[in-house]
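Heads up: the sequence lines are chains C and A, in that order.
Sequential numbering of the first sequence, starting at 1, is according to this note's numbering.
Sequential numbering of the second sequence, starting at 1, is according to this note's numbering.
Just so you know, these hints were derived from the structure itself, not from any lab.
Hints may be right or wrong, so weigh each one.
The list cannot tell twin chains apart, which means a pair is met if one copy fits it or any two copies do.
[To be verified] As a list, the in silico SDA-like pairs of lysine to any residue whose alpha-carbon atoms are at most 20 Å apart:
1) 21 <-> 113
2) 13 <-> 110
3) 21 <-> 75
4) 115 <-> 142
5) 13 <-> 89
6) 81 <-> 25
7) 81 <-> 106
8) 21 <-> 90
9) 13 <-> 188
10) 21 <-> 82
11) 115 <-> 23
12) 13 <-> 75
13) 168 <-> 141
14) 180 <-> 17
15) 2 <-> 172
16) 81 <-> 24
17) 81 <-> 92
18) 115 <-> 25
19) 81 <-> 98
20) 115 <-> 146
21) 21 <-> 110
22) 180 <-> 12
23) 81 <-> 103
24) 81 <-> 105
25) 81 <-> 99
Number of protein chains: 2
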Amino acid sequence: MKALEERILSEGKILPGPVLKVSSFLNHQMDPDLIMEIGAEIGERFKDEEVTKILTIESSGIAIALAVGAALHVPVIFAKKHRTSNVSGEVYQTMVHSYTHNVDYTVVVESEFLKPDDNVLLVDDFLANGKALEGLMELVAQSGGRIAGAGIAIEKGFQDGGSNLKAKGLRIESMAVIDKMDENGIIFR
Amino acid sequence: MKALEERILSEGKILPGPVLKVSSFLNHQMDPDLIMEIGAEIGERFKDEEVTKILTIESSGIAIALAVGAALHVPVIFAKKHRTSNVSGEVYQTMVHSYTHNVDYTVVVESEFLKPDDNVLLVDDFLANGKALEGLMELVAQSGGRIAGAGIAIEKGFQDGGSNLKAKGLRIESMAVIDKMDENGIIFR
Chain C
1 MKALEERILS EGKILPGPVL KVSSFLNHQM DPDLIMEIGA EIGERFKDEE
51 VTKILTIESS GIAIALAVGA ALHVPVIFAK KHRTSNVSGE VYQTMVHSYT
101 HNVDYTVVVE SEFLKPDDNV LLVDDFLANG KALEGLMELV AQSGGRIAGA
151 GIAIEKGFQD GGSNLKAKGL RIESMAVIDK MDENGIIFR
Chain A
1 MKALEERILS EGKILPGPVL KVSSFLNHQM DPDLIMEIGA EIGERFKDEE
51 VTKILTIESS GIAIALAVGA ALHVPVIFAK KHRTSNVSGE VYQTMVHSYT
101 HNVDYTVVVE SEFLKPDDNV LLVDDFLANG KALEGLMELV AQSGGRIAGA
151 GIAIEKGFQD GGSNLKAKGL RIESMAVIDK MDENGIIFR
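With the rest of the complex left out, here is chain C (with noise of 0.2 Å):
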């Protein structure tokens, strides 16, 4: 997606990691008419794929998800983060790993909100390692519905998170996936 690009390109930071900064637009300060324009967008891709529900994870892709969701119509349901796995009612839970923080942490969703007739689209902010989608997508299995695929504001397609996901049949589709990162600059695909 031109816009994104160009806005991670005038306003993106690359720390070491490498780490993409983009807390003036999208996960900090956000932009909101480029979130609702990346929401239409993924809304767009997926249009045809008779989306039931949307699945994101707190706290970062919260806000593209309700973008996608003003878009197709459907709930849009937040993973909550517990340090610790003592969730009480009934959800399912499953644990992810953070790189970025390195912790672990447990994601829950209630389970009246996921069923086995859910034709599920997972959305986030990033995908890099794919810790956090397939954290979601074990959240999806739980509940016995299916997944629609997943819909990505920035991949980084030099991390395998993308790659593996696909190679298991998951349908990505990533607003800007960036090849290479360094003290040059940022390449595309």
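Guided by the hints, dock chain A onto chain C, whose structure is given.
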């Protein structure tokens, strides 16, 4: 707002506290059409205030704040919650007590996103004791910016946060104000 009140009556659950559980449409599963409508209405109420930024707090304020931002076409910032006060970099930060979870947490905004010439609209899903709003007001105060007011989805009018903050001069626009809720039902203002 009629649509929100009707949804609270049809799907809200009153738990001991009293806590109003609206996780089927507002803050775990979200109805994007309703949230966009709430955002448009809050935007409409503040459209003459020359708002330059919207500020909310993760996670459940993010969707509504994005919807307000989409209506007013201004950047949306979400303050991040940390359990520790070990936050690095140039930030505004303050402590907020959560009565729901009985825990203190630090809320943080990178200082580059709030400036002295900003006129900030605060947005949140709930207003009860007002501690979250007070925390956001403190962050804006640290930046030297002004506060245009607060746009809230659901105000618990039987708790004193709203009346205390209004007495201090804060303009608050709540889309639904609950004056009473118990086993007999919900009474709106």
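Within, between, both or neither, where residue 21 and residue 82 count as close if Cα-Cα is 20 Å or less
For residue 21 and residue 82, the Cα distance is within 20 Å only across copies (19 Å; inside one copy 24 Å).
Between the shortest in-copy and the shortest cross-copy C-alpha distance, which are at most 20 Å for residue 81 and residue 24: within, between, both, or neither?
Between. Shortest inter-copy distance 18 Å satisfies the 20 Å Cα cut-off; intra-copy 23 Å does not.
Tell me, please, which holds for residue 115 and residue 146 at an alpha-carbon limit of 20 Å: within, between, both or neither?
within (9 Å within a copy, 46 Å between copies)
Treating 20 Å as the Cα threshold, decide for residue 21 and residue 75: within, between, both or neither.
Between copies only: 17 Å across, 29 Å inside.
Evaluate residue 115 and residue 25 at a C-alpha cut-off of 20 Å and name the case that applies: within, between, both or neither.
Classified as between: cross-chain Cα gap 16 Å, same-chain 34 Å, threshold 20 Å.
Between residue 21 and residue 90, at a C-alpha cutoff of 20 Å, which is it: within one copy, between copies, both, or neither?
between (36 Å within a copy, 15 Å between copies)
From the Cα coordinates, with 20 Å as the cut-off, is the pair residue 168 and residue 141 best called within, between, both, or neither?
Within one copy only: 14 Å inside a chain, 50 Å across chains, cut-off 20 Å.
Identical-chain pair category, residue 81 with residue 103, by Cα at 20 Å
both (11 Å within a copy, 16 Å between copies)
Is the C-alpha distance from residue 13 to residue 89 at most 20 Å within one copy, between copies, in both cases, or in neither?
Only across copies: residue 13 and residue 89 sit 15 Å apart there, 41 Å inside one copy, limit 20 Å.
Under a CA distance limit of 20 Å, which applies to residue 2 and residue 172: within one copy, between copies, both, or neither?
Within one copy only: 18 Å inside a chain, 39 Å across chains, cut-off 20 Å.
I want to check one pair: residue 81 and residue 92. Are their C-alpha atoms no more than 20 Å apart within a copy, between two copies, both, or neither?
within (12 Å within a copy, 24 Å between copies)
Could you place residue 180 and residue 12 in one of the four classes (within, between, both, neither) given a Cα distance threshold of 20 Å?
Classified as within; 14 Å inside a copy, 48 Å across copies.
Against the hints set out earlier in the document, no violation occurs for any number.
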